[in-house]
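Student: This is what each chain is made of:
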Amino acid sequence: ELKVEQNPLFLSMQEGKNYTIYCNYSTTSDRLYWYRQDPGKSLESLFVLLSNGAVKQEGRLMASLDTKARLSTLHITAAVHDLSATYFCAVDQETSGSRLTFGEGTQLTVNP
Amino acid sequence: DGGITQSPKYLFRKEGQNVTLSCEQNLNHDAMYWYRQDPGQGLRLIYYSQIVNDFQKGDIAEGYSVSREKKESFPLTVTSAQKNPTAFYLCASSMKPGARYNEQFFGPGTRLTVL
Numbered sequence: 001e002l003k004v005e006q007n008p009l010f011l012s013m014q015e016g017k018n019y020t021i022y023c024n025y026s027t028t029s030d031r032l033y034w035y036r037q038d039p040g041k042s043l044e045s046l047f048v049l050l051s052n053g054a055v056k057q058e059g060r061l062m063a064s065l066d067t068k069a070r071l072s073t074l075h076i077t078a079a080v081h082d083l084s085a086t087y088f089c090a091v092d093q094e095t096s097g098s099r100l101t102f103g104e105g106t107q108l109t110v111n112p
Numbered sequence: 001d002g003g004i005t006q007s008p009k010y011l012f013r014k015e016g017q018n019v020t021l022s023c024e025q026n027l028n029h030d031a032m033y034w035y036r037q038d039p040g041q042g043l044r045l046i047y048y049s050q051i052v053n054d055f056q057k058g059d060i061a062e063g064y065s066v067s068r069e070k071k072e073s074f075p076l077t078v079t080s081a082q083k084n085p086t087a088f089y090l091c092a093s094s095m096k097p098g099a100r101y102n103e104q105f106f107g108p109g110t111r112l113t114v115l
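Just so you know, the protein sequences line up as chains A and B, in that order.
Counting with this note's numbering, you get residues 1 to 112 for the letters of the first sequence.
Counting with this note's numbering, you get residues 1 to 115 for the letters of the second sequence.
Where hints are given, some of them may not hold.
[Unchecked claim] What follows is a set of in silico ranges between Cβ atoms, one per label pair, in the way DEER data are often shown:
{"no.": "1", "chain 1": "A", "residue 1": "GLY40", "chain 2": "B", "residue 2": "ARG44", "range": "17 to 23 Å"}
{"no.": "2", "chain 1": "A", "residue 1": "THR27", "chain 2": "B", "residue 2": "GLU15", "range": "39 to 45 Å"}
{"no.": "3", "chain 1": "B", "residue 1": "GLY3", "chain 2": "A", "residue 2": "ASN7", "range": "29 to 35 Å"}
{"no.": "4", "chain 1": "A", "residue 1": "ASP38", "chain 2": "B", "residue 2": "ILE60", "range": "51 to 57 Å"}
Hints are computed from structural coordinates only; laboratory data are not their basis.
The beta carbon of each residue, even a glycine, is placed where N, CA and C say it ideally should be.
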């Protein structure tokens, strides 16, 4: 059974600081997705990572994938308040058909 | 505009009632999904469908039922057998099972409250 673990689950940081969210998964996969959820809202797709070494960047967020280590990171650079949200990673295992397995989410709060 | 719509946005259910949540997509996606999210929690898969007239149970299917009579539509019924249905329900779709990747796109959600 595929397990996906994120850490930390809660992250409070100051504006202007850098931090990294980690997503570990338990079985082989080279397809990983990051989503953002604002309070009371739905999930918005952020990044699609499809191979070992893949790196994607959008604004102050950068995501990477290391399939050998079964690890993805979401790096936040010079955080701003607008980045406050919950971030989910999700792993796609080809043998599971079209299912994704989601991590528990990381609730990020950026304080002024 | 292409997208996924869910209705209603808010739904109140009395004890013992069945209610149906609507999910429609015009993205021409083959696969559709229903998730449940409880406050402060992640997503749990209820049912999913990879093709019309076929669907599979997810991790928490008990007390729920679905149908997939049209490619665009995947309604979810919350039956009276679901003892604690108060939650946020999210519908999603993705292009095609077996595609190179399986990015799922989400609807705006339905918030169900049991009175």
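Student: If a hint holds in the structure, say so; if it doesn't, say that too.
Tutor: Cross-check of the supplied hints:
Range check, GLY40/A to ARG44/B: about 18 Å between beta-carbon atoms, so the 17 to 23 Å window is met. Remark: the range hint 39 to 45 Å for THR27/A to GLU15/B is upheld by a beta-carbon distance near 41 Å. Between GLY3/B and ASN7/A the CB atoms are about 33 Å apart, so this pair conforms to the stated range of 29 to 35 Å. Between ASP38/A and ILE60/B the beta carbons are some 24 Å apart, a value that contradicts the proposed interval 51 to 57 Å.
Violated hints amount to a single one, hint 4; each of the other numbered hints is respected by the structure.
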